[in-house]
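Start from chain Z and add chain S according to the hints.
The listed protein sequences derive, respectively, from chains Z and S.
The first sequence begins at 1 in the numbering used here and counts up one residue at a time.
The second sequence begins at 1 in the numbering used here and counts up one residue at a time.
There is no bait here: all hints are sound.
Here are the simulated lysine to any residue pairs, SDA-like style, with alpha carbons at most 20 Å apart:
id, chain 1, residue 1, chain 2, residue 2
1, S, Lys199, Z, Leu55
2, Z, Lys240, Z, Leu230
3, Z, Lys93, S, Leu23
4, S, Lys30, Z, Leu134
5, Z, Lys17, S, Ala277
6, Z, Lys107, S, Gly10
7, Z, Lys265, Z, Met244
8, S, Lys199, S, Val209
9, S, Lys202, S, Leu26
10, Z, Lys107, S, Leu17
11, Z, Lys265, Z, Ser243
In short, the hints are calculated from the structure, not lab data.
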Amino acid sequence: MSCLISCHEINKYYGSKHALKNVNFELESGTTTALVGPNGAGKTTLFSLLCNYHLPNTGRIEIMGHQPGSHQLFGQLGALPQDAQLDPRFAIKHQLGLYAKLQGFDKKQAQQECQRVLELVELTDIAGERPAALSHGMRKRVTIAQALIGQPKLVMLDEPTAGLDPTNARNIRQLVMNLSGEVSFIISSHNLDELERLCDNVLLLEQGNLTQQSVRHHDTEQQQSITLLLDNIQQDTYNKLQSMTGVIAAEQLNKAEFILRYDPKMTPNFDIELIQQLRQQQLNYRQLTKGLSLEQQLFS
Amino acid sequence: MLPTTPSSNGHLQQAWLICQFELIRLFFTKRGAILLIAFSVVWFLILKYPVFESVKILSNPNFGENITVFSSQLNLQQIVQWPYSELAVYWLFAVFAFPITSVLMSSDQLASDTNRGTVRFLLLRSTRSQLLYGRFFGQVLIIASLITMTALAALIMGMVRDISLLSSSFDELANIGLNLLISCLPFIALTSLLNVISKSSKLSVVLIVILIPVLTGLISYLTQYISFIEYLLWIIPGLQLTETVQGLGFSVNTTLLPLAQTAVYLAICHLTLTRRAL
Chain Z
1 MSCLISCHEI NKYYGSKHAL KNVNFELESG TTTALVGPNG AGKTTLFSLL
51 CNYHLPNTGR IEIMGHQPGS HQLFGQLGAL PQDAQLDPRF AIKHQLGLYA
101 KLQGFDKKQA QQECQRVLEL VELTDIAGER PAALSHGMRK RVTIAQALIG
151 QPKLVMLDEP TAGLDPTNAR NIRQLVMNLS GEVSFIISSH NLDELERLCD
201 NVLLLEQGNL TQQSVRHHDT EQQQSITLLL DNIQQDTYNK LQSMTGVIAA
251 EQLNKAEFIL RYDPKMTPNF DIELIQQLRQ QQLNYRQLTK GLSLEQQLFS
Chain S
1 MLPTTPSSNG HLQQAWLICQ FELIRLFFTK RGAILLIAFS VVWFLILKYP
51 VFESVKILSN PNFGENITVF SSQLNLQQIV QWPYSELAVY WLFAVFAFPI
101 TSVLMSSDQL ASDTNRGTVR FLLLRSTRSQ LLYGRFFGQV LIIASLITMT
151 ALAALIMGMV RDISLLSSSF DELANIGLNL LISCLPFIAL TSLLNVISKS
201 SKLSVVLIVI LIPVLTGLIS YLTQYISFIE YLLWIIPGLQ LTETVQGLGF
251 SVNTTLLPLA QTAVYLAICH LTLTRRAL
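Looking at chain Z on its own, in the form it has when it is part of the complex (with noise of 0.2 Å):
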């Protein structure tokens, strides 16, 4: 896999405010990147550094090998920005023909092209619209199509589900999932069960600070651990989990859900049986995830 962003020591000020901290990290094509970090961390300015909307004060970026908005990236990156809004005096499909062209594309292209993005966010009927006409959760979606105009090889979507309702966060989730791959995205979120689902790798931005890691740890200390959420919680179940065979301990997160950790080498099987002595104890079990949560791995 070759690299495909590459961000040295960046460093950016707003006034005296520091909002990124040199800033390294480097990450391969192919993969799907979830950027988290509470409010005011600097996840947009980080998104609006690598888009050329910012400037850095200091520090060198280079995406597919070439510096933030030269041309050579136009038509290889695609962008989902936090809060831009379409031009409401004209047409989605004007709009987007534009985009096109501007990509390469000759007039009756566009128009395909126009037709293609909208059909992946299943808004195909609403291209003669203009943006006012739309409700909030279909202009997301029509600025999520102009970000898969042409054939991105890398797309960066702000908050991509934040005021959608389920069913078009789940259309938007499956849209990144088919896509991942042939397009590598970078997604910045909330919600971190969301990007646990379609993520490789994390960013966590905290005041500035930044550190990577991948999602789904490999290594022993992850395949020790299964996370369980059940349904019928008595006084005894910590006592009952503890007790199982095979788990070396147990942690309670909260009222209904728990982490086990067991040793692969002793009990190979450990989540059949967990599953088989779960039955036998009488406790339902409403999910059983192996390996710790991207919440507890973050925050906890």
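Okay, now just chain S, sitting in the frame of chain Z:
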């Protein structure tokens, strides 16, 4: 359906696409239509009254005497000699009306798109320079088309009166168009710059309306004390209009100065735009 593979555009082609979209913005949107209607009403009145009555106006033996604009005494003897008096009266109005029109028409080159974030979609597909120059030349094309339409209307009014003078008026017509366009260029460029600085179309217009007379007055006042400050007047667009209106022609003041001002405003605008957050 798989996406079609596009060919890559050249730099000029990108700018040309943005430029064309400006024309669509004026001629095919509601805001553009309102501006065009307002423009048409004003020019209908100018053409119907002073231009239509031009023969009477110019045949007055006292015409051109003691006409003062911006404290400058005008000498209008050259334009009185033009074959079509309609074009002469049109010229008198157009020289001062089109710079104002160009400020109003081009007041929203980048401001709304920047505030709304639409510019971010464009910057994924074009450079900041292409956006700036594409929008600028789009406005130039709009003003050029409006000048052409109004000048042709004045010419047609003259032809209705006396068609025999048509062949001798083509030079005047071309010169009128070119001179008017050159006079408008610095105003469009300054509006681009103020759009980038102020991020507001209304504020850009207000700033131009306030800045030009205030700066002119201030520089003129300070010149009494420090003589070389007078050269600062060269940065203010439109000061050459009183010279321009006195006749068609190309000179340092009426041609080179507005072209130089345009180049300087665009260069500052380019530097500002390529360094600021969008």
